[in-house]
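Number of protein chains: 2
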Amino acid sequence: METYIVSDVGGTHIRVAAFDVSTLALVAQKKILTQGHGLLPTERLVNAIANIGKEHEIKAIAIALPGFLDPEKGMIIEAPNIPDWINLPLRDIIKDYFKVPVFIGNDANLAALGEWKFGAGIGHKNILYLTISTGIGSGVIIDNHLLQGERGLAAEFGHLTILPDGPICGCGKPGHIEALSSGTAIGNYVREQIALGRNSSLNALSNPSGSDIYDAAINGDDLAIESFSRAGKYLGLALANFLHMLNPSIVIFGGGVSQAGELLFKPMRDSLEDAIISKEYLQNLIITTAKLGDDVGLKGALALLLSKYQSPEIFTQQILFN
Amino acid sequence: METYIVSDVGGTHIRVAAFDVSTLALVAQKKILTQGHGLLPTERLVNAIANIGKEHEIKAIAIALPGFLDPEKGMIIEAPNIPDWINLPLRDIIKDYFKVPVFIGNDANLAALGEWKFGAGIGHKNILYLTISTGIGSGVIIDNHLLQGERGLAAEFGHLTILPDGPICGCGKPGHIEALSSGTAIGNYVREQIALGRNSSLNALSNPSGSDIYDAAINGDDLAIESFSRAGKYLGLALANFLHMLNPSIVIFGGGVSQAGELLFKPMRDSLEDAIISKEYLQNLIITTAKLGDDVGLKGALALLLSKYQSPEIFTQQILFN
Chain A
14 METYIVSDVG
24 GTHIRVAAFD
34 VSTLALVAQK
44 KILTQGHGLL
54 PTERLVNAIA
64 NIGKEHEIKA
74 IAIALPGFLD
84 PEKGMIIEAP
94 NIPDWINLPL
104 RDIIKDYFKV
114 PVFIGNDANL
124 AALGEWKFGA
134 GIGHKNILYL
144 TISTGIGSGV
154 IIDNHLLQGE
164 RGLAAEFGHL
174 TILPDGPICG
184 CGKPGHIEAL
194 SSGTAIGNYV
204 REQIALGRNS
214 SLNALSNPSG
224 SDIYDAAING
234 DDLAIESFSR
244 AGKYLGLALA
254 NFLHMLNPSI
264 VIFGGGVSQA
274 GELLFKPMRD
284 SLEDAIISKE
294 YLQNLIITTA
304 KLGDDVGLKG
314 ALALLLSKYQ
324 SPEIFTQQIL
334 FN
Chain B
14 METYIVSDVG
24 GTHIRVAAFD
34 VSTLALVAQK
44 KILTQGHGLL
54 PTERLVNAIA
64 NIGKEHEIKA
74 IAIALPGFLD
84 PEKGMIIEAP
94 NIPDWINLPL
104 RDIIKDYFKV
114 PVFIGNDANL
124 AALGEWKFGA
134 GIGHKNILYL
144 TISTGIGSGV
154 IIDNHLLQGE
164 RGLAAEFGHL
174 TILPDGPICG
184 CGKPGHIEAL
194 SSGTAIGNYV
204 REQIALGRNS
214 SLNALSNPSG
224 SDIYDAAING
234 DDLAIESFSR
244 AGKYLGLALA
254 NFLHMLNPSI
264 VIFGGGVSQA
274 GELLFKPMRD
284 SLEDAIISKE
294 YLQNLIITTA
304 KLGDDVGLKG
314 ALALLLSKYQ
324 SPEIFTQQIL
334 FN
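So the sequence lines, in the order shown, correspond to chains A and B.
Per this note's numbering, numbering of the first sequence is gapless, rising by one per residue and ending at 335.
Per this note's numbering, numbering of the second sequence is gapless, rising by one per residue and ending at 335.
Do not rely on the hints blindly, as some may be mistaken.
Identical copies carry no separate label here, and so any pair may be met within one copy or between two of them.
[Said to hold, decoys possible] Computed list of lysine to aspartate or glutamate pairs in EDC-like fashion (alpha-carbon distance at most 16 Å, straight line):
id, residue 1, residue 2
1, Lys186, Asp287
2, Lys186, Glu286
3, Lys138, Glu85
4, Lys108, Glu85
5, Lys292, Asp225
6, Lys86, Glu293
7, Lys108, Glu56
8, Lys44, Glu56
9, Lys292, Asp83
Because the hints were derived from the structure by calculation, they are not lab data.
All values reported here derive from a predicted model rather than from experimental measurement.
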């Protein structure tokens, strides 16, 4: 059987799956740690692909990767959570090993492509996908095409400046939306306020986690509620900016923090409505959560392969997974 | 002779031109006032087209328009400088009159298309065009396609929030880049500082114009220089955001304020370099000024018609005007 091999590489886990080229049925999948056993992440990735692909012919490979990439050149410029991966020609390394075509893509970009092809974005041509977890990632579909920019560096919406004098982002620059509305930002705000002597049920915990803060908010803790509503307020302001620039028909939220639901989304909508320059942007706009869950990277990588091997007409006809 | 008729409608002037369909040579052009002689702007536009088109067969008409449009539906939603044009089905009005296909587009969007096809953007696939005059307009080319969004409302980059508590924009919302870096913003800043008792050669003038401020800056007036460098600083911050989102290969500046040159662009580049999250965005990036001058609206409208009537292969082959 001829298969597409896809992989989703994160700082902690490498996931690999094989799909039947003709039916797109899932043939096999596997999840391993990214680091360990004295092997480099690249070696572990090669082994995982070899292992899952060994019983079938491989037609092509696609890999979803964190950080900055140049998809055209197949280069990882920098992968924040995998220290060794700087200026690494990963595509050619994998290609030289398996002797089949290999494609790489940024994980949030491919997640957007996956949600468009197989998930919450089916039937939409203009999509903004935002994943809110430790950081804020994003991917954009414009007129049924993935926004990549000249060198694949586009769609870094987490690094929109919202408060030029605001808190420092993971990237080192001040006031980005990631530094105001990510899970990390929510946790930092709670800790800061407690350090300032703020009263909260979270006082009892030395280092409250995201789910601690969520539970406290559900139980009516003012600080916990405020930490989500502050994040939501800035997210709504950022979203207004994104709508002015992209005018999508749907905004899809992925990532763990999105599961906080109305704690985050009610203040977000309020602030979005305040900041939008015309109600026309909100007419028929759908704001929803992602559908593909943990599979989003793998299915996004599969969507990338289909974009290469299906005719444009068939590719833009949305299909459903079985 | 079969002709394309194009028009560029502004708050003050309506320009109309006819181009030979086979050679793209300019056949005739005319410029009239948008309002006057007891006629509505729509009537004046129809007359101008009829006048210039009367000696030739018209193949199609394209019109560049200010404000919010729905290009798919051919509707003007709101045109800030032409008070009567609210929810106006202008495309169908013109089409019913002339019985030929009619297309409309936002003037800044079409300017981007014009610069891509005929001007500073020739050969580039990913372009950000910003026009800085009274306000800040923008147009974006992604992978040789005009960014329009679901309803044609995309690419409103002038309404990027830079300072949430900053000065009020023409649209009524606070802190947009248009309220910080446009010609209006530069003038407002000078007037504010003078009202606060700031010493400046501009004190002598009751209402200094843009060119007064430019002249004062060239002559070493501190306040005038500062008004441009403040605008440039915020523009650089906005530009970093745009690059993170779009990763273009070229940024083209049009509009009168861009003619201030290094007074504006030096501080802009400094602040851009400060704010960019990776030098990769600046590698091989071209930042330049527009080439088409006052013709940009007409040539943008012509480019829109070519996108409709030329095959995609021929259309994306860049051609030069004679």
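Hints versus structure:
1. Within a single copy, Lys186 and Asp287 get their C-alpha atoms only as close as 26 Å, which misses the 16 Å cut-off; across copies the closest is 9 Å, which meets it.
2. Within a single copy, Lys186 and Glu286 get their C-alpha atoms only as close as 28 Å, which misses the 16 Å cut-off; across copies the closest is 11 Å, which meets it.
3. In the homo-oligomer, the alpha carbons of Lys138 and Glu85 lie at most 16 Å apart only across protomers (14 Å), although the nearest pairing inside one protomer, at 23 Å, exceeds that limit.
4. For the homomeric pair Lys108 and Glu85, the shortest alpha-carbon distance inside one copy (14 Å) is at most 16 Å, but the shortest distance between copies (44 Å) is not.
5. In the homo-oligomer, the alpha carbons of Lys292 and Asp225 never lie at most 16 Å apart, since the shortest distance is 37 Å inside one protomer and 38 Å across protomers.
6. In this homomeric assembly, Lys86 and Glu293 come within 16 Å of each other (Cα to Cα) only across copies, at 14 Å, whereas the closest approach inside a single copy is 39 Å.
7. Taking the closest pair of Cα atoms, Lys108 and Glu56 come within 16 Å of each other only inside a single copy of the chain (13 Å); across copies the shortest separation is 64 Å, beyond that limit.
8. In this assembly of identical chains, Lys44 and Glu56 lie within 16 Å of each other by CA distance solely inside one copy; the values are 15 Å within and 68 Å between copies.
9. For the homomeric pair Lys292 and Asp83, the shortest alpha-carbon distance between copies (13 Å) is at most 16 Å, but the shortest distance inside one copy (37 Å) is not.
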